[in-house]
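Build the full structure now, drawing on both the sequences and the hints.
Given next are the chains, with one letter for each unit.
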Amino acid sequence: MLNPTQLEISRRNLLITSAAAAAATSALPLSAAAQTSQTETELTSTVAFAVNGERRELNIDNRTTLLDALREHLHLTGTKKGCDHGQCGACTVMVGGRRVNACLTLAIMHEGDEITTIEGLGQPGNLHPMQAAFVKHDGFQCGYCTPGQICSSVAVLEEIKANIPSHVTTDLTAPASASAEEIRERMSGNICRCGAYSNIVDAITDVAGTRA
Amino acid sequence: MRAFTYERASTIEAAAASAASHPSTRFIAGGTNLLDLMKLEIEVPTHLIDVNGLGLDTIEKTPEGGLRIGALVRNTDLAADKTVRRDYGLLSRALLAGASGQLRNKATTAGNLLQRTRCPYFYDTNQPCNKRQPGSGCSAIEGFSRQLGIVGVSDSCIATHPSDMAIALRALDAVVETVKPDGRRHAVPIAEFHRLPGNTPHIETVLEQGEFITGVVLPAPLGGRHIYRKVRDRASYAFALISVGAVIQPDGTGRVAAGGVAHRPWRVEAADVALPQGARPATAALLADARPTEHNRFKIDLVERTLGAVIAEAKG
Numbered sequence: 000m001l002n003p004t005q006l007e008i009s010r011r012n013l014l015i016t017s018a019a020a021a022a023a024t025s026a027l028p029l030s031a032a033a034q035t036s037q038t039e040t041e042l043t044s045t046v047a048f049a050v051n052g053e054r055r056e057l058n059i060d061n062r063t064t065l066l067d068a069l070r071e072h073l074h075l076t077g078t079k080k081g082c083d084h085g086q087c088g089a090c091t092v093m094v095g096g097r098r099v100n101a102c103l104t105l106a107i108m109h110e111g112d113e114i115t116t117i118e119g120l121g122q123p124g125n126l127h128p129m130q131a132a133f134v135k136h137d138g139f140q141c142g143y144c145t146p147g148q149i150c151s152s153v154a155v156l157e158e159i160k161a162n163i164p165s166h167v168t169t170d171l172t173a174p175a176s177a178s179a180e181e182i183r184e185r186m187s188g189n190i191c192r193c194g195a196y197s198n199i200v201d202a203i204t205d206v207a208g209t210r211a
Numbered sequence: 000m001r002a003f004t005y006e007r008a009s010t011i012e013a014a015a016a017s018a019a020s021h022p023s024t025r026f027i028a029g030g031t032n033l034l035d036l037m038k039l040e041i042e043v044p045t046h047l048i049d050v051n052g053l054g055l056d057t058i059e060k061t062p063e064g065g066l067r068i069g070a071l072v073r074n075t076d077l078a079a080d081k082t083v084r085r086d087y088g089l090l091s092r093a094l095l096a097g098a099s100g101q102l103r104n105k106a107t108t109a110g111n112l113l114q115r116t117r118c119p120y121f122y123d124t125n126q127p128c129n130k131r132q133p134g135s136g137c138s139a140i141e142g143f144s145r146q147l148g149i150v151g152v153s154d155s156c157i158a159t160h161p162s163d164m165a166i167a168l169r170a171l172d173a174v175v176e177t178v179k180p181d182g183r184r185h186a187v188p189i190a191e192f193h194r195l196p197g198n199t200p201h202i203e204t205v206l207e208q209g210e211f212i213t214g215v216v217l218p219a220p221l222g223g224r225h226i227y228r229k230v231r232d233r234a235s236y237a238f239a240l241i242s243v244g245a246v247i248q249p250d251g252t253g254r255v256a257a258g259g260v261a262h263r264p265w266r267v268e269a270a271d272v273a274l275p276q277g278a279r280p281a282t283a284a285l286l287a288d289a290r291p292t293e294h295n296r297f298k299i300d301l302v303e304r305t306l307g308a309v310i311a312e313a314k315g
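Chains S and Y are the protein sequences, given in the same order.
Numbering follows numbering that gives the first Met the number 0, in which position 136 of the first sequence is assigned residue number 135; successive positions increment by one, without gaps.
Numbering follows numbering that gives the first Met the number 0, in which position 155 of the second sequence is assigned residue number 154; successive positions increment by one, without gaps.
Don't take every hint at face value.
[To be verified] Mimicking EDC-like on lysine to aspartate or glutamate, the simulated pairs with C-alpha atoms at most 16 angstroms apart in a straight line are:
(1) Y/Lys179 / Y/Glu207
(2) Y/Lys60 / Y/Asp86
(3) S/Lys135 / S/Asp83
(4) S/Lys160 / Y/Asp80
(5) Y/Lys38 / S/Asp83
(6) Y/Lys81 / S/Asp170
(7) Y/Lys179 / Y/Glu210
(8) Y/Lys38 / Y/Asp123
(9) Y/Lys314 / Y/Asp250
[What the hints assert, rightly or not] Label pairs and their calculated CB-CB ranges:
(10) Y/Ala283 / S/Val134: 53 to 63 angstroms
(11) Y/Glu63 / S/Val134: 54 to 64 angstroms
(12) Y/Glu207 / S/Gly96: 34 to 44 angstroms
I should point out that these hints are in silico values taken from the structure, not numbers from a laboratory.
Just so we're clear, the structure is a prediction, and the values are computed from it rather than from any experiment.
Heads up, the beta-carbon is just placed ideally off N, CA and C, and yes, glycines get one too.
Have a look at this one:
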């Protein structure tokens, strides 16, 4: 029987090989464009930003999304690619403390930015309180949406703290609250196909309540 | 996605001039709609001008007692602004009814106005669409049109403008401020900013190639009750089937605009006049020239009932 580590490595190698094949295909229009008037250097850019506190510099194709830069170039695969069109929230990361869909922003637009991914929130043995709450409340089944759910929920509590209102806020002039109804509305950009929503709300409510 | 060259704009004038000199250019700010469309190769710019470094991210009082909202103010920040929440609640409510928290953190005031329709046939590159490919035909008119427009439509296009924010701006009589490629400043009332589809549905606004939006100006506050009610297939994070935005005064007079029904935010003077008489006459005036399809005829009743709920809420 394969041990889990071997299985993980072989699956990862397979994915890397597939990604390389995809990259080779997508390079074709680029070289076609280069033959007309543009040189290849104009179609790539250099960008430097901090990811989880560490400065990273990349020279990449202008088309690279922040999501692909994190996963394929910096090998931070905790951030997931779901729909790649801003509909599912699996790619949620924080830029300057604010949550965004990493699939809908270009990496080269983030010069000087501070980016936090799930890897930066906590690590095995040193979990962020939100990660621990998701484990405690069983806030997932397959786990694919979980990094996005956790990054989003950490930012949601900051948004409530900053008194940013939501669609369900009754009084726009009153301070925002961390009620279950507010959390459900604010988390609507993170889809969970397994349907772990009620446990996700429990996890977030738990952290919101214990954070005095 | 097609390959493109990229520059970071240093001044507004340079951005406008650069855009006018490159044949296929897009400004990029939040990018949440543009990049989505570029991935699908519906938008195929060969050059992107990143305007995020230009400032234009403040909300300031005007000498006339209104507000000037910078083009690059993010939807989250606009909705959360204290003055907007107090004096222009309709705008806060409309913004918060749109998209998700992640998208509102990136999306900008100007970008929200310029977003493209979510007509499924515009997105499906295997289908004819006059907006995506002029002259190819409209798949929506005889197709699945439940979500699509009922008023101001043409034989070429029945797409709707998807913005919630724009409905509020229309009801509030906002003015869009721009810089032309030659550097001249220009102001367009929101009523004239978006075009009807006619036989050129691919031309959606009155902006020239390279014309750059610098901000949006709101007139002095109107008082009254500010209500935005959006009806959609799920409770959050969905585009409107229809929406109603209204400012209603204690005497029952006011103004009303509707979303999800037309190629631009829909407001008709006669509907404002009829508002004190109730939802039925006001809706009859608002949708007087409606030309619904079999699939979206229900939107007429839905607007009337939603407006009825809005009027009741204003009285309550």
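Consistency of the hints with the structure:
{"no.": "1", "hint": "Y/Lys179 / Y/Glu207", "result": "7 angstroms, holds"}
{"no.": "2", "hint": "Y/Lys60 / Y/Asp86", "result": "12 angstroms, holds"}
{"no.": "3", "hint": "S/Lys135 / S/Asp83", "result": "29 angstroms, violated"}
{"no.": "4", "hint": "S/Lys160 / Y/Asp80", "result": "15 angstroms, holds"}
{"no.": "5", "hint": "Y/Lys38 / S/Asp83", "result": "9 angstroms, holds"}
{"no.": "6", "hint": "Y/Lys81 / S/Asp170", "result": "12 angstroms, holds"}
{"no.": "7", "hint": "Y/Lys179 / Y/Glu210", "result": "4 angstroms, holds"}
{"no.": "8", "hint": "Y/Lys38 / Y/Asp123", "result": "12 angstroms, holds"}
{"no.": "9", "hint": "Y/Lys314 / Y/Asp250", "result": "9 angstroms, holds"}
{"no.": "10", "hint": "Y/Ala283 / S/Val134: 53 to 63 angstroms", "result": "57 angstroms, holds"}
{"no.": "11", "hint": "Y/Glu63 / S/Val134: 54 to 64 angstroms", "result": "56 angstroms, holds"}
{"no.": "12", "hint": "Y/Glu207 / S/Gly96: 34 to 44 angstroms", "result": "38 angstroms, holds"}
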